[in-house]
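Novice: Sequence:
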Amino acid sequence: MSKPRYRALPLGGSLEADFVRRDDGSTLVVSREALRPYPKRLTDRFLHWAEAAPDRTLVAKRVKGGEWRRVSYAEALKSARAIAQALLDRGVSVERPVAILSDNDIEHLLLALGAMFAGVPYASVSPAYSLISQDYGKLRHILDLLTPGLVFASGPAYAKAIAAVVLAGTPVVLTEGAIDGRTTVPFASLLQTVPTAAVDAAYAKVGPDTIAKFLFTSGSTKLPKGVINTQRMLCANQQMIGQCFPALAAEPPVLVDWLPWNHTFGGNHNIGITLYNGGTLYIDEGKPTPALIGETLRNLREIAPTIYFNVPKGFEEIANALETDAVLRKTLFSRVRMFFFSGAGLSQPVWDKLDRLAEQECGERIRMLTGLGMTETAPFAICANAWDVKSGHIGLPAPGLELKLVPVGDKQEVRYRGPNVTPGYWRAPEQTAECFDAEGFYCSGDAATPMDAAQPERGFMFDGRIGEDFKLSTGTFVSVGPLRAGIIAAGDPLVQDVVVAGINRSEVGILIFLRLDACRDFTGLPANAPAHIVLGHEHLRAFLQRLVDTLHSRGTGSATRVARALVLAEPPSIDRGEITDKGSINQRAVLTHRDADVVRMYIGTDRDVIVPRKH
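So that you can map any letter, position 224 of the sequence shown is 223 in numbering that gives the first Met the number 0, and since no number is skipped, the others follow by simple counting.
The set of hints was computed from the structure by calculation and includes no laboratory data. Among the hints, a few may not be true.
So the derived label-pair ranges between C-beta atoms look like this [to be verified]: (1) D491 / L291: 19 to 27 angstroms; (2) T549 / D351: 14 to 22 angstroms; (3) R540 / T288: 19 to 27 angstroms; (4) G90 / D605: 56 to 64 angstroms; (5) K2 / N319: 26 to 34 angstroms.
The calculated BS3-like cross-link candidates involving lysine-lysine, where the alpha carbons are at most 25 angstroms apart (straight line), are [stated by the list, open to error]: (6) K352 / K389; (7) K221 / K470; (8) K2 / K329; (9) K470 / K2; (10) K352 / K2; (11) K329 / K352; (12) K39 / K204; (13) K39 / K77; (14) K60 / K39; (15) K204 / K77; (16) K63 / K2; (17) K329 / K60.
Using N, Cα and C, we set each Cβ at its ideal position, and we do this for glycine too.
Construct the complete structure from the given sequences, taking the supplied hints into account.
Specialist: Dropping the structure here:
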């Protein structure tokens with residue numbers, strides 16, 4: 000067979016690394032390419048593009064689902080300076096920062112830019128903590144930790160959360176509307192503020208160690224931690240990305256992106272790429288869910304990105320739609336040069352489908368690239384940008400980053416040291432100290448293993464979260480990450496996610512979350528069929544029985560052999576930390592909160608428990 004043809008994409012950085020094996024069993028891995036100079040402030044690049052391409056669109060979003068509202072670099076700079084003055088007038092500071100409760104929108108970005116010009120940190124807080132949460136527990140914890148000097152929300156939908164959590168006297172800024180019983184400030188009034196020399200003086204004090212923002216971890220098993228993000232972290236990270244993907248500097252990138260800005264992928268990685276390289280970001284109000292994927296597909300039919308980011312679930316939904324949507328295929332494949340995913344593993348069947356559809360549409364494949372990083376690394380750290388990237392690969396460290404692999408049990412923990420690594424957690428010195436080793440490496444809790452032990456220079460594969468792995472009662476160690484990825488791939492397209500159980504038990508069991516929309520299609524049931532009808536359908540039950548039979552038969556031992564399964568009817572809960580805004584399931588949180596289901600699965604007398612048929 001001839002080698003597949005790929006669309007031209009210059010790649011650099013992270014292709015070669017030096018390995019130093021040490022007497023303590025650890026291994027240092029460092030890119031052979033040095034990190035080149037980078038600015039001391041991310042907004043320096045924004046200023047550059049506002050002068051070099053003032054009329055270019057920086058950000059665009061549909062107005063109430065209609066036409067696109069566009070804001071140019073010059074317009075954004077004017078607004079950011081006005082907002083900076085308004086923030087300085089209100090006395091916000093590092094001890095009294097800006098809290099942003101809203102989803103991705105233009106005002107959100109302008110406020111963030113204004114805060115950076117004023118030298119004041121901001122924190123984008125998950126909208127789910129205000130709009131979905133029933134107890135506002137995580138929102139209350141975050142605002143108590145921040146002690147904000149100003150709170151921003153897009154409108155009165157946030158009124159209940161603000162009334163419950165935001166202290167009286169804290170200025171509240173709204174894009175539109177008002178809140179009964181609370182004095183609010185229209186966002187438009189911030190834009191009308193006349194900037195003075197105070198803005199320039201404040202900006203002159205901003206340096207590499209200035210805190211640009213706080214990003215909060217998902218708080219899956221504990222309360223969210225506030226990760227300090229400095230200007231050095233943001234700028235160094237963008238330089239790392241640029242050296243690994245030179246195409247970003249060769250052509251101003253165009254992004255169509257839904258990824259939430261309260262997460263590091265959307266809020267640091269993708270906004271940063273736009274600002275650093277003079278790109279344009281189209282805010283996508285869709286999401287990879289049955290109710291919202293249609294909006295993403297609509298946007299991708301209209302706007303052709305040059306680089307496209309998503310989580311695996313998003314790519315799966317898009318791949319399925321591409322099979323029957325000619326307009327979507329034509330637009331998406333017209334100029335995209337690279338796909339990139341993060342947040343979870345992309346199944347090889349989805350990957351292969353995208354390759355096949357691209358070849359059919361334009362005669363060449365689009366590079367699918369990935370890596371490994373985290374909120375604490377701003378997030379780019381390890382990059383898989385070689386020519387043979389497959390599902391599970393994470394690659395090698397980016398230029399400027401030191402990687403240390405440390406034996407933990409039978410795994411190798413990934414630890415990071417470099418200019419993109421956080422100095423710690425806000426107002427949490429004990430948690431900060433716990434996460435760094437004696438040499439100053441951040442202990443990630445992630446595990447990696449060489450793709451080829453005989454040729455480690457080929458790079459690494461993700462080997463799961465160390466904290467998720469466990470032992471069976473026999474002492475056999477269960478590596479959750481690879482096992483889980485294989486189960487999800489085997490259950491495609493009906494299985495959304497699984498949680499692996501079996502701590503101190505003699506065999507592995509799995510809790511299954513299904514895609515109800517896909518299950519309705521599979522069973523021929525109408526789109527509004529209740530969940531209990533779908534889950535009880537004979538065709539679905541037969542599919543699940545075949546799946547468990549397959550998983551059991553292909554296991555090579557007790558640690559890889561699925562012995563029982565239970566389908567969970569209740570979706571994962573944000574309040575309980577079982578799922579993040581990006582749709583990632585947290586193994587430990589689900590097991591903690593659904594212990595009764597785990598017990599029910601292992602008792603095995605329930606008709607809903609699926610066990611392998613004897614052959």
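Novice: Does each hint hold? Answer for all of them.
Specialist: Checked hints:
no. : hint                            : in the structure
1   : D491 / L291: 19 to 27 angstroms : holds, 21 angstroms
2   : T549 / D351: 14 to 22 angstroms : holds, 19 angstroms
3   : R540 / T288: 19 to 27 angstroms : holds, 25 angstroms
4   : G90 / D605: 56 to 64 angstroms  : holds, 60 angstroms
5   : K2 / N319: 26 to 34 angstroms   : holds, 27 angstroms
6   : K352 / K389                     : holds, 13 angstroms
7   : K221 / K470                     : holds, 23 angstroms
8   : K2 / K329                       : holds, 24 angstroms
9   : K470 / K2                       : violated, 42 angstroms
10  : K352 / K2                       : holds, 17 angstroms
11  : K329 / K352                     : holds, 16 angstroms
12  : K39 / K204                      : holds, 11 angstroms
13  : K39 / K77                       : holds, 21 angstroms
14  : K60 / K39                       : violated, 29 angstroms
15  : K204 / K77                      : holds, 20 angstroms
16  : K63 / K2                        : violated, 46 angstroms
17  : K329 / K60                      : holds, 22 angstroms
Hints 9, 14 and 16 from the earlier list are contradicted by this structure; the remaining hints agree with it.
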